[in-house]
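Q: Spelled out from the first residue to the last, the chains are:
2 protein chains.
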Amino acid sequence: MKSCGIIVEYNPFHNGHQYHAKMARELSEAQVVIAVMSGNFLQRGEPAIIDKWTRAKEALSHGVDLVIELPFAYAVQSADYFAAGGIKLLQALQCDALCFGTDNQVEMNYEQFGSFVNEHQTEINHAYQEIKNNGMSYPQQMTEVFRKLYPNGTLDFSSPNHILGLSYAKENATYEKPMLLYPLKREQAGYHDTKIYQQFASATAIRKAVFSGELSQIKQVLPMRVMKDLEESPTVSWEAYWPLLKYKLLSSSLPELREIYQMKEGIEYRLQEAAKVSDSFQQFMEKAKTKRYTWTRLQRLATYILVNVKQYEIENVRQNSYIQVLGFTEQGQRFLKEKKKNLKLPLITKISKNVSTQLALDIRSNQLYQLGSDRILEQSFGRFPIRVS
Amino acid sequence: MKSCGIIVEYNPFHNGHQYHAKMARELSEAQVVIAVMSGNFLQRGEPAIIDKWTRAKEALSHGVDLVIELPFAYAVQSADYFAAGGIKLLQALQCDALCFGTDNQVEMNYEQFGSFVNEHQTEINHAYQEIKNNGMSYPQQMTEVFRKLYPNGTLDFSSPNHILGLSYAKENATYEKPMLLYPLKREQAGYHDTKIYQQFASATAIRKAVFSGELSQIKQVLPMRVMKDLEESPTVSWEAYWPLLKYKLLSSSLPELREIYQMKEGIEYRLQEAAKVSDSFQQFMEKAKTKRYTWTRLQRLATYILVNVKQYEIENVRQNSYIQVLGFTEQGQRFLKEKKKNLKLPLITKISKNVSTQLALDIRSNQLYQLGSDRILEQSFGRFPIRVS
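Line by line, the protein sequences give chains A and B. Residue 384 in the numbering used here sits at position 384 of the first sequence, and the numbers go up by one each step. Every number in the numbering used here is 1000 more than the matching position in the second sequence, counting from 1.
Heads up, some of the hints might be wrong.
Calculated lysine-lysine pairs in the DSSO-like style (CA-CA distance at most 27 angstroms, straight line) [claimed, not checked]: (1) A:Lys264 x B:Lys1341; (2) A:Lys353 x B:Lys1002; (3) A:Lys339 x A:Lys177; (4) A:Lys289 x B:Lys1132; (5) A:Lys353 x B:Lys1310; (6) A:Lys276 x B:Lys1310; (7) A:Lys264 x B:Lys1287.
FYI, nobody ran anything at the bench for these hints, they're computed from the structure.
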């Protein structure tokens, strides 16, 4: 059965995502579309607006056949690690193709780029080390590195989606049997866009509308079912977790904070001081932000603090990955049956005592996600893959 | 200047406390009444209903001349350590007498009891070790121990206030110049009483009325000023901190929980499991309670968890105690001036960077206390002793 993977967050699911799933199927001529989706905490260090089970159900109702959870250890990471996790799971599922959105450069040869990076990793690292501390932003540095080394034209590192695309290509090329790559030009709404267009809007614009209570504005850019979920299900933002983050920062000693994953360079003191004088997450972030720490990097660190993540927990998951199924259509289930015996990672369809050590970080992050609203249901134990027919 | 100490919590201040201060002055013929008062967390492991500055101000308006804070490390402790802290501070202030409330046994010779315990500590410890694990409650065990050893009649360990009185006597007798002891029979309302009498009610009954919104019921048992504070100031109970305690228990690993002061015998796992399925502090306590852990002991442990207390922090304060002044009347200020040069512990009237390491546990517990309501004012930095004339 021919399959095409997509690596997603759905925060929340919208028409652009439906278009992505549809085009993935069309471009790759796949019989099954597999979404590897972040769980309840996302790449940019945020809680998902709606819980993972609801988002999985929405995806399965709008063109996706199988939803696999991207574990916390991969999901809440910068582009390279996020991509590595997504590709690893799709490769473990023996997926044939990968379709990813990009704001530009649909025409470039991603396979060629992937091979180039893997063949020239040493030079690239070297060039990057040389300019690492020159004060330029990460996108600027990367543009500079590849302008010198890459023979096939200029690369654009200004768009987060495009950076992800390049990371997918790079990671994919490390496998013995790389997936076919299908870049897809995003329709109208760019990643950073905050406006709402005719049928498409960025997830950022949609979240903004939800939290300002202007749901009517976004009716045309979401499937009806998602609209209903946003109206009726508990929706959360960082602000719901702010009292807990503040408590964690104020109650922990500096040595304790230093044990948290990615806590470096004395930032723990700055964060503690910022927490003391802040009454909201927004305020805290504005006070804590420095030139060195971008908003996203800081927000990811805030998530690690909230979830009390340790380095060894991330390493555990990297060394012992797994395929946790959140849901499937009949077609998705057929695909799983077909591949079952040849999967390269353990398949998890139910969280039992047996797997609770391996999945400890996911389980804990889910429990803490639940603290954002007393209406969020149990996320781990007793949950089974959602079936959509 | 002749002085009489009292060791108090004022949760909240009521007519019985005013009577206590008045009688302390009368019985001891003191010119100055010094209250050593728990800060924002109390002996039985609870947050104070009203913050310490407000309670100090109330006391100073109703018969107390000087309010000293009993540090967290002494306040949130079983009777013996609580008493040790209170006596230590009064001794450091060269206080002449101690007046304490008791529900009974006003007539017994407390000085004699204190000397007896200090002279027979080895036998007492031995007798206690022998029956330690026989399943009896602590009061029953103590009654048993002293029934065998004490020559001067039966001792009553059934009342918390009386146990405190015995602890004061025992501790006081260890000093070179013990204070004169004035036991005072409590008027009408016993420690465990929940009814409201004509003019006197226990603090327990008063808190119950406050949290059930029945303030009118307690009008006659409180000074008017306290009544006004209870109506207008932020009042908190454990429930306000429950989301934070739950978060702390769910986000910490078992080894991390084991680092907390007094976390013993594998109780950490039980507490974590109880937190997962509880929606309120009350529910959590009911689920976590065992025969081995009384409500009070468990509640104290909950406070240590909330405040993230470590063994070394308690020891630090025991080894480097201090006298933190919360407020005084003119008479109290005169007393401090008179004694200033001969104090046996450092006097702190302002929290500066210099003392913030020494007072770290108090400062942190105050910051966390503030999280119970956004109306609670800063408790440490920039606060000066309250003057009541």
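Q: Taking the hints in turn, state whether each one holds.
A: Now the hints, each set against the structure:
no. : hint                 : in the structure
1   : A:Lys264 x B:Lys1341 : 46 angstroms, violated
2   : A:Lys353 x B:Lys1002 : 67 angstroms, violated
3   : A:Lys339 x A:Lys177  : 16 angstroms, holds
4   : A:Lys289 x B:Lys1132 : 56 angstroms, violated
5   : A:Lys353 x B:Lys1310 : 31 angstroms, violated
6   : A:Lys276 x B:Lys1310 : 21 angstroms, holds
7   : A:Lys264 x B:Lys1287 : 39 angstroms, violated
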